[in-house]
Structure formats: C-alpha cells, structure tokens
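**Student:** Start from the sequences and build out the full structure, keeping to the hints where you can.
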Amino acid sequence: MKFLRVKMDELKVYTEEVPEKYQKLAGRALTSRLICDEVPATCHPLGPKAKLFIAPGAVTGTSAPSSARVSVGGKSPLTWGIKEANAGTPVAQYLARLGIKALIIEGETKDGYWTLKVSKDAAKLEPAGDLVGKGLYEAYHALKERYPGAGFIACGPAAERKLSMSGVCFSDTDGRPSRYSGRGGLGAVMAAKGIKFIVVDPAWTSPVVAENRELFKTGQAKLADAILTHPLSKPGGTLNTYGTAALINALNEAGGLPTRNFRTGRFEGAAKISGERMAEVVKERGGAGMMGQGCHPGCTIKCSNVYPKPDGTELVSCIEYESDWALGANCGIDDLDAIAEMVWHCNDLGIDTIEAGVTIGVAMEAGLLQFGDAAGALALFEEIRKGSALGHILGQGAAFTGRAFGVVRVPTVKGQGMPAYEPRAVKGIGITYITSPMGADHTAGYTTAPEILSVGGKADPLSNEGKADLSKAFQDTTAFIDMTGYCLFIAFPILDIASGFEGMVETVNAVLGTNFTGADVAKFGGEIMSWERGFNRAAGMTSAHDRPPEFMRYEPLPPHNTVWDVPDEELDKIAGN
Amino acid sequence: MVQVRVYLYATLRAFNAAAGGDTGAEMEVPDGTSIADLYGLLGIPEGHVKQAFVNGRRQDPDYVLRDGDRVGVFPPIGGG
Ligand code: SF4
Numbered sequence: 000m001k002f003l004r005v006k007m008d009e010l011k012v013y014t015e016e017v018p019e020k021y022q023k024l025a026g027r028a029l030t031s032r033l034i035c036d037e038v039p040a041t042c043h044p045l046g047p048k049a050k051l052f053i054a055p056g057a058v059t060g061t062s063a064p065s066s067a068r069v070s071v072g073g074k075s076p077l078t079w080g081i082k083e084a085n086a087g088t089p090v091a092q093y094l095a096r097l098g099i100k101a102l103i104i105e106g107e108t109k110d111g112y113w114t115l116k117v118s119k120d121a122a123k124l125e126p127a128g129d130l131v132g133k134g135l136y137e138a139y140h141a142l143k144e145r146y147p148g149a150g151f152i153a154c155g156p157a158a159e160r161k162l163s164m165s166g167v168c169f170s171d172t173d174g175r176p177s178r179y180s181g182r183g184g185l186g187a188v189m190a191a192k193g194i195k196f197i198v199v200d201p202a203w204t205s206p207v208v209a210e211n212r213e214l215f216k217t218g219q220a221k222l223a224d225a226i227l228t229h230p231l232s233k234p235g236g237t238l239n240t241y242g243t244a245a246l247i248n249a250l251n252e253a254g255g256l257p258t259r260n261f262r263t264g265r266f267e268g269a270a271k272i273s274g275e276r277m278a279e280v281v282k283e284r285g286g287a288g289m290m291g292q293g294c295h296p297g298c299t300i301k302c303s304n305v306y307p308k309p310d311g312t313e314l315v316s317c318i319e320y321e322s323d324w325a326l327g328a329n330c331g332i333d334d335l336d337a338i339a340e341m342v343w344h345c346n347d348l349g350i351d352t353i354e355a356g357v358t359i360g361v362a363m364e365a366g367l368l369q370f371g372d373a374a375g376a377l378a379l380f381e382e383i384r385k386g387s388a389l390g391h392i393l394g395q396g397a398a399f400t401g402r403a404f405g406v407v408r409v410p411t412v413k414g415q416g417m418p419a420y421e422p423r424a425v426k427g428i429g430i431t432y433i434t435s436p437m438g439a440d441h442t443a444g445y446t447t448a449p450e451i452l453s454v455g456g457k458a459d460p461l462s463n464e465g466k467a468d469l470s471k472a473f474q475d476t477t478a479f480i481d482m483t484g485y486c487l488f489i490a491f492p493i494l495d496i497a498s499g500f501e502g503m504v505e506t507v508n509a510v511l512g513t514n515f516t517g518a519d520v521a522k523f524g525g526e527i528m529s530w531e532r533g534f535n536r537a538a539g540m541t542s543a544h545d546r547p548p549e550f551m552r553y554e555p556l557p558p559h560n561t562v563w564d565v566p567d568e569e570l571d572k573i574a575g576n
Numbered sequence: 000m001v002q003v004r005v006y007l008y009a010t011l012r013a014f015n016a017a018a019g020g021d022t023g024a025e026m027e028v029p030d031g032t033s034i035a036d037l038y039g040l041l042g043i044p045e046g047h048v049k050q051a052f053v054n055g056r057r058q059d060p061d062y063v064l065r066d067g068d069r070v071g072v073f074p075p076i077g078g079g
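Chains as they are written, first to last, in numbering that gives the first Met the number 0: chain A, 0 to 576; chain B, 0 to 79.
If you are wondering where the hints come from, they were derived from the structure by calculation, not from laboratory data. Where a beta carbon is used, it is the ideal one built from N, C-alpha and C, also for glycine. Among the hints, erroneous ones may be present.
Said to hold, decoys possible - Partial chain A-side listing against chain B, Cβ under 10 Å, derived:
# : residue
1 : GLY274
2 : GLU275
3 : PHE491
What the hints assert, rightly or not - Derived DEER-like restraints, expressed as beta-carbon distance ranges:
# : chain 1 : residue 1 : chain 2 : residue 2 : range
4 : A       : LYS385    : B       : GLY42     : 51 to 57 Å
5 : A       : THR299    : B       : ARG56     : 31 to 37 Å
6 : B       : GLU25     : A       : ALA497    : 55 to 61 Å
7 : B       : SER33     : A       : GLU554    : 48 to 54 Å
**Tutor:** Here you go:
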C-alpha cells in the first residue's frame with residue numbers, strides 16, 4: 000500500500016511509502032489521524048494549509064461483503080471542525096485494488112481546475128478542461144465515454160462556488176454521480192485545492208487478498224451468514240425491498256419524524272413519501288425503476304434504488320431515507336416526484352441532500368416560500384445553480400441561512416443541519432447529534448436502532464436514562480466500523496448476531512495484521528474519537544459547541560409534547576469536557 | 000367494544016388490504032383485546048411482526064387496546 004500525495008502548488012504527484020504509524024489504520028481512523036498530524040487546526044478550511052484526504056476502509060477491495068466504503072476527511076468549511084464523510088461506491092474498491100491507502104491533496108493552485116488520473120503504477124494531473132462548470136450528470140457522462148471502465152470522484156458546480164453544502168461525489172456501478180461523501184462541505188475543500196475530477200482506473204488490478212487468508216475466510220463466512228440471515232439485511236428483507244425510506248412510516252408512528260423545519264414529529268403526508276409508496280411507484284411505472292440496487296458489487300443487502308419518471312425512464316438514483324425526509328417531510332412536501340427531482344439537482348450540483356433540505360426548511364421558516372411549496376423549493380436550486388446572491392446564502396447551509404434571515408428555529412449543531420430524527424422524541428440520537436465531533440450526524444452513533452427499531456436491544460426513545468452512555472458506546476463503535484470499510488448497515492445484523500460481530504473483527508485483523516478483540520472495538524473507536532475531539536479543541540471548540548439549538552429546550556414537540564431536557568452535564572460526560 | 004385505528008407497514012401490508020392501506024383501518028374489537036390478539040384478527044401469521052407503536056409509544060404484545068388508540072405495526076425495519 001502507498002500514499003499518493005498530490006501537491007497542487009507544484010502540480011506534482013508523489014508516491015510515498017506508508018509510514019509505520021499509519022500502516023494499521025484505514026478509512027476514518029486514517030483520515031482523522033492524518034488531519035490531526037498534517038492540518039493546522041486553526042487554518043481556514045479553504046485556504047492553502049488545508050488538505051483533503053481520501054482513504055478506503057481496511058477490508059475494502061477484498062471479497063468481504065458490503066465493504067466498499069471510502070472516507071473523505073478534512074477540516075469542514077461548514078462546522079470548522081474535523082470532518083469525515085464516507086460513501087459506498089465501486090471507486091472505493093478501485094482505490095484499494097490500486098494499493099492506495101490514502102490520497103492526500105494539499106497546497107493550492109491558481110492555475111484553474113485539474114483532473115487527477117490514477118491507474119496502475121501511474122498518477123498524473125491534467126487540466127480539467129471543458130467539463131469545469133458543468134452539472135455532474137453531463138460531466139460523468141462525458142468522463143464515462145472518455146475513460147471506459149474507470150470510476151470517478153468529483154466536486155460539482157456548487158463546490159466551484161465554494162459553497163459549504165457541497166459534497167464529494169463518487170460514481171456508482173453505472174457511472175452515475177450518485178454516491179456522496181456529502182456532509183460538511185468537503186466538496187468545497189476539494190475545489191479550493193484546484194482538483195475537479197479524479198479518474199480512478201482499476202484496469203490490471205485484482206481484488207485485495209488478506210495477509211491471513213484463513214482468518215479472513217472464517218470471519219467473512221460468519222459475517223456473510225449474519226447479513227444473509229438477519230431479517231433486516233437478508234435478501235427480500237425490508238432494506239432490500241423498501242430501501243432506507245421504510246423508516247419514514249416508522250419515525251412517523253413514533254412521533255419522531257421532524258416535520259416542517261422541526262415543528263412537529265408527525266407528517267400527515269408521510270404515507271405519500273414512504274418507502275412503501277416508493278416501491279409501489281417503481282412497480283407501477285416499471286421501466287428503469289428498481290428497488291434493491293447495490294451501491295457496489297459485493298453488497299448482498301442492496302438498499303439502494305432507481306426512481307422512475309411516469310413514463311418509466313430514469314429520474315434519479317437514489318432516494319435515501321434522509322434525502323426523502325429532508326426534501327419531503329422537513330419541507331412539508333408530500334410529492335415523491337418533486338423530491339426525486341430535487342435529489343437529481345443535488346446530485347447534479349454536487350450538494351448534500353440533508354443540508355439542502357434542512358436549509359430549504361429554514362428558508363420556508365423565514366417566509367421566503369411556503370411549507371409544502373415544491374415548485375418554490377425547486378426554484379431555489381436554480382438560484383444555487385445560477386450563483387445568485389440568494390443561491391450563495393442558501394448554499395452555505397442552514398445555520399448561515401438562518402442568520403441571514405433572522406430565523407430562531409434553526410436545527411443545527413456546530414453549524415451542520417440535523418438529519419431525520421427529532422432529538423426531542425429520540426433522545427439518544429439527539430445526544431449523538433450534539434456531541435459528535437462531526438456536527439449533527441445520525442450515522443455517528445445510531446442509537447435509533449435500540450430506541451426506535453428494537454435492534455441491538457430496546458431503549459425508550461423519550462427517556463433520558465442511560466442515554467449518554469448509550470450514545471457514547473454507539474459513537475465509539477461506529478468510529479471503529481468507519482475504519483473497517485464496512486457499510487454501517489452491517490451494524491443491524493452484527494448488533495443482534497454475536498458471531499457476525501466476531502467475523503467483522505476477524506476480517507479486519509486478517510487484513511491489517513492487528514489483534515483487535517471484541518472489547519477493543521469500542522476502545523479503539525473511542526481513541527479515534529479522542530483524536531477528533533482534540534482537533535476540534537485546538538480549532539477553538541469547547542463544551543459550548545456540544546449544545547442543542549436553544550428552541551428545542553423550550554418548544555414542546557407534538558405529538559409527545561416533549562422538550563430537550565437532557566442535562567448539559569450528561570452531554571459533557573461524553574467528551575469529557 | 001373499543002374502536003382503534005390500525006396501520007400495517009412494509010411487508011405486513013400484504014396480510015390485510017384495509018389496514019395495509021395508507022389511511023389504515025378503523026376496527027372495532029372486544030374489550031380486553033391485546034395487540035397480540037389483534038394480529039390474529041388481522042390474519043398476520045406468527046413470526047412476521049417485530050413491534051407495534053400505540054399512540055407513538057412502543058408497546059408489548061400483551062398491551063390491552065383502549066378506545067381511540069392508534070396502532071402502527073411493523074416487521075423488522077432499518078435504514079439510516
Ligand atoms: S447496504 Fe446499501 S449503502 Fe450499504 S453497501 Fe449495500 S447498497 Fe450500499
């Protein structure tokens with residue numbers, strides 16, 4: 000394995016041996032360690048001292064199931080703290096097969112945008128040329144023709160405008176610009192470096208083989224068995240049949256589906272935007288539509304989808320729960336076709352669907368448009384596309400937009416928009432949002448599993464009891480999983496099936512040459528988190544940043560009419576502030 | 000008798016067209032009917048239900064239904 004260091008001020012790519020201290024790290028552990036070691040915490044995220052790191056997970060590129068994750072890390076222009084955003088994409092596998100432990104992009108160029116081309120034994124920079132400024136659908140279409148068989152990484156037009164809601168886009172199995180390391184504005188960091196596209200050509204490479212083949216085989220079999228038998232992840236299970244949007248009805252029933260900019264926890268239009276409805280539409284319209292699509296070869300869960308237009312041709316891939324909620328319930332919009340169209344705009348502009356939806360919710364709160372106004376919401380994407388003054392305000396995210404329009408009800412933590420679970424109705428995930436070094440992030444410690452889904456035990460979502468410990472345990476374990484390269488959805492089977500958990504650890508040990516035990520998972524995850532918190536502290540963050548938006552403390556949320564009442568001391572226990 | 004509104008979700012929808020529809024089904028059940036009894040009345044075979052929410056709170060199968068309850072019934076669900 001090697002590091003590829005791209006020095007943009009020299010326009011040169013250097014191949015480096017991986018220093019020993021990084022050899023047993025991968026994914027998030029590696030990007031976060033590198034950020035701490037190489038990025039001055041007080042630097043401007045878009046300035047010359049900032050860097051962007053792209054690292055596949057530990058078992059990525061092997062035959063381990065559902066393991067094509069790649070972590071993108073840097074200092075976030077949205078939160079101004081540390082950021083790791085990961086995506087599931089075949090490009091993750093290509094990077095691993097090319098022996099690239101991490102891509103490090105540093106410095107900056109004043110000489111326009113560049114394309115980095117990476118293939119077996121070669122890496123070089125070329126001017127990005129005619130595709131700069133183009134929507135990512137057009138750009139990826141052209142790249143596919145120019146570089147058949149390759150995968151692509153890009154930042155979109157929104158990133159070229161340095162908007163903080165811009166993500167880093169990866170191609171899916173069909174070359175669509177649909178798999179995002181979306182959160183935290185890392186697309187803008189990529190653009191600030193002067194890199195527009197990365198073409199990753201896997202020709203003449205083969206799957207990664209674990210150092211300890213026997214252990215890998217044993218672990219892989221245990222994990223695969225857990226995934227294939229757990230009712231959630233098995234073929235024909237709910238993830239496979241309804242996608243992640245099966246959660247719409249679940250959170251709605253539980254009264255925890257944030258609706259109309261977090262005014263209530265139930266949406267009367269939930270059924271119309273549910274995963275169940277999506278599956279019906281796909282069936283009725285036929286054609287290109289499909290549920291049960293995999294985001295990379297080697298996933299047996301296959302939770303992704305392709306949403307069709309009324310005539311059966313493709314509208315967009317894919318509508319995730321978070322996107323569906325953000326652009327739907329959160330905006331009072333109950334029209335799946337409009338939501339699908341907005342997701343298309345997000346993919347094309349290169350922006351995070353969650354931040355986009357939360358921002359539009361805040362714009363609705365500000366009175367720029369009415370809740371439920373789908374046409375008005377679509378028009379806001381045109382403002383971002385045009386780069387109007389309004390587009391620039393919106394493009395900086397929900398917190399910035401709230402400030403610009405004097406809105407009090409702004410659902411953000413550390414400047415990042417909250418995802419699709421209401422903290423006042425699901426307390427544990429609220430603690431995760433508030434205390435994660437990443438800003439409001441549901442994937443950072445998904446206590447929703449025991450709180451709402453009854454996976455990995457059961458916990459009363461409305462109760463505060465034991466929730467700080469629960470959130471901490473989930474956050475620590477997740478930091479480890481984010482290192483492995485496994486999709487976080489393997490957490491559902493391995494939370495319930497102990498041998499699956501063992502298998503996960505064994506495959507990691509087999510590849511990295513580590514000796515992690517089950518108990519080490521949360522311990523090492525906790526260590527990763529302490530690096531990340533250390534960076535944030537050095538960047539100027541304190542316990543005052545581990546706090547909820549104030550309105551949640553005094554506005555009761557229907558239907559349970561609960562407020563945020565977790566004591567601040569409980570929150571501070573987590574970071575040890 | 001007590002009146003309840005029942006919603007079935009995801010794979011459970013196939014077992015009962017009325018309760019499986021978007022607006023759920025208004026049902027009249029005898030006093031003392033538990034959630035577990037309700038599954039029988041709806042024709043859901045054993046082993047398919049993961050959990051039920053009553054008025055937004057998760058309840059055990061032995062919960063006895065009350066007049067006006069809103070019941071949402073789910074198979075194993077996940078996402079994120
Ligand atoms: S479960 Fe979904 S997100 Fe995870 S690897 Fe499979 S298709 Fe991708």
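**Student:** Are the hints correct? Go through all of them and say.
**Tutor:** Hints, verified against the model:
The criterion of a C-beta within 10 Å of any C-beta in chain B is met by A/GLY274, whose closest approach is roughly 7 Å, and the hint holds. A least Cβ separation of about 6 Å between A/GLU275 and chain B falls short of the 10 Å threshold, and the interface hint therefore holds. Hint status for A/PHE491: holds, given a least beta-carbon distance of 5 Å to chain B, under 10 Å. Hint check: A/LYS385 to B/GLY42, Cβ distance near 55 Å, so the stated range 51 to 57 Å holds.
A beta carbon spacing of about 34 Å between A/THR299 and B/ARG56 agrees with the range 31 to 37 Å that was offered as a hint. For B/GLU25 and A/ALA497, the Cβ-Cβ distance of about 43 Å falls outside the hinted range of 55 to 61 Å, so the restraint is violated. Separated by about 36 Å at the C-beta atoms, B/SER33 and A/GLU554 break the suggested range of 48 to 54 Å.
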